[in-house]
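Could you build the full structure based on these sequences and the hints that come with them?
Number of protein chains: 2
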Amino acid sequence: MKKVAIGVDIGGSSIKLGVVSPGGKIILRDSFLTVHGREKLLKVLLGRIRGLKREAERRKLKVAGVGVGAPGPIHIGKGLVYFFPNIPGWKNVPLKKLLERRLGLPVRLDNDANVMALAEFCYGAGRGATNLIALTLGTGVGGGLVINRKLFRGPRFSAAEIGHLAVNENGPRCSCGSHGCLETYVGSGYFIREVRRRLGAGRKSILRQWIRQKKILSPRLVAQAAKQGDRFSQEIWRETGEHLGTALAGLVNILNPDTIVLGGGIAQNRHLLFDAVTRTIRKKAFPIASRSVKVMPAALGVDAGVIGAASLIFSKEGTLKE
Amino acid sequence: MKKVAIGVDIGGSSIKLGVVSPGGKIILRDSFLTVHGREKLLKVLLGRIRGLKREAERRKLKVAGVGVGAPGPIHIGKGLVYFFPNIPGWKNVPLKKLLERRLGLPVRLDNDANVMALAEFCYGAGRGATNLIALTLGTGVGGGLVINRKLFRGPRFSAAEIGHLAVNENGPRCSCGSHGCLETYVGSGYFIREVRRRLGAGRKSILRQWIRQKKILSPRLVAQAAKQGDRFSQEIWRETGEHLGTALAGLVNILNPDTIVLGGGIAQNRHLLFDAVTRTIRKKAFPIASRSVKVMPAALGVDAGVIGAASLIFSKEGTLKE
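Just so you know, the protein sequences line up as chains A and B, in that order.
For what it's worth, our numbering labels the leading residue of the first sequence as 23, then goes sequentially.
For what it's worth, our numbering labels the leading residue of the second sequence as 23, then goes sequentially.
Rather than coming from a laboratory, the hints here were simulated on the basis of the structure.
From a predicted model like this one, the values you see are computed outputs, not experimental measurements.
No incorrect hints appear here.
The list treats identical chains as interchangeable, and a pair is accepted whether it falls inside one copy or across any two copies.
Here are the simulated SDA-like cross-link-like pairs (lysine to any residue), alpha carbons at most 20 angstroms apart as the crow flies:
{"no.": "1", "residue 1": "K172", "residue 2": "T152"}
{"no.": "2", "residue 1": "K249", "residue 2": "W232"}
{"no.": "3", "residue 1": "K100", "residue 2": "I310"}
{"no.": "4", "residue 1": "K237", "residue 2": "R218"}
{"no.": "5", "residue 1": "K316", "residue 2": "P177"}
{"no.": "6", "residue 1": "K82", "residue 2": "S43"}
{"no.": "7", "residue 1": "K237", "residue 2": "Q256"}
{"no.": "8", "residue 1": "K305", "residue 2": "G199"}
{"no.": "9", "residue 1": "K249", "residue 2": "E264"}
{"no.": "10", "residue 1": "K305", "residue 2": "E261"}
{"no.": "11", "residue 1": "K305", "residue 2": "R195"}
{"no.": "12", "residue 1": "K226", "residue 2": "D252"}
{"no.": "13", "residue 1": "K316", "residue 2": "R178"}
{"no.": "14", "residue 1": "K237", "residue 2": "R215"}
{"no.": "15", "residue 1": "K113", "residue 2": "E61"}
Shown next, in the form of structure tokens:
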């Protein structure tokens, strides 16, 4: 019987599941809207996992285990969820044990940024990399690191928080309590706040007209304006890429990655962002390190969560050895 | 016969050598002023190494190899010196091969910052660490990284350039071409330049009087003033510690080191610097990572270069495997 794994991608608005082949292909899919309340969510989740397992077995596939990618602070070693920032009702939940007991399958838990990095490293834009930096650019900035071909989680399982590397020690206050972290320049909330601030200061832009027409101001809208030649929006995107490039240049000097993978909503505006990022890295990092680094868009898109979670079961990474 | 190694610490003003035991003790020492001219320097160096080797053999010690720590850009894999910033006459010198051929001993070459990190990791303040950050704070800021109990050199042997992590993207121009690198806040040249700038802007300080008395303005003099209660000098040191703490907080979030070792001239002003560094890390990094990190003064002082160079021969690190 061919072996497969089930990957679960827990998100604040929806939960995605899939039966994944060892080659990283999603064979069966499922998803549901994130329900609140711990027991309620667990019940639905278990039902869906069991459903996928039955369907896999019907197809003569053997489910080797369940990998779970979860947002927010978790203790990977213990398989414990401290809490979910965007899902009420979860506090100190031993999710790994709970699922293992009720499913009778090995379960691996990791945070969503590590899972995304692992997916891109095993099956996506980071295949063949030795040292990889993966960033998910959304509301927050999630980071994952592969060092010497192994996911680097750190002894406290809290490494790779690249969103909280300072770009400017005198910069805006960050949700983490520090100042001028990368996230305060690239996180979508801060991005939009900065656009509003500059528009409020009187900058000309087609965005003013669109806002009057009740369009919702979002990174995507600013990207659309930039593509139509709006100078203000182009400048915002270029600066965002330069901030990101500055943080990455520092990491290129320190970690010599061969590949940097950028995913998430903000990174979808590729040609606006990637040029500025790459140019800034080349300009600011040492040539010997920056010449050899490739900056790549994430290849697996919204599937990275499910595929990466499943790869916790397939890869040595699932053993949690550092 | 007991095995030993010879460590060579090449510096811009002097070259130190020692016969080192596998326990990290210097059994025999030698040193000479750095002579210019490649062949001249090589000749003196070979003579001194042979002298130490003879003396070691007279004492029934077997020299297993020679480790060399060198400043500036070198290709560790090839054992090649690209150039020495402060020693004229060296360009693309295959130092490892040259020494091996003339000595008939295995030779390992690494840069001085890696060598210092390795010394502190094997025998000094970083003993027992899993993830270690070591910084040498001098004219420049040299960095060494131990990740998962191994020296991390990067695939291009150019990793750990922690002095060139940005603290403020809008900061002073750095010798590397970028802006606001850690080195522009903590390197002794920049440190003194900033002191001069502020004094020039009219700040009160006992340093004015000392400069009139022909004392040479140095980090040590500013430390002396701070210890005597000079507010201006205390503020300079506190800010230097905060800049350094900001850079290290970012790395604590990303690498989860358990130990940070600070050495070099600037770090000798311990109580002025270390408080501010530790406080800033605790304030800016995530608690789970910052709570467990120790910031330690380098334990081996000026001997770190010789001991670390010798440990290239003893440790697995000498094999240059990543």
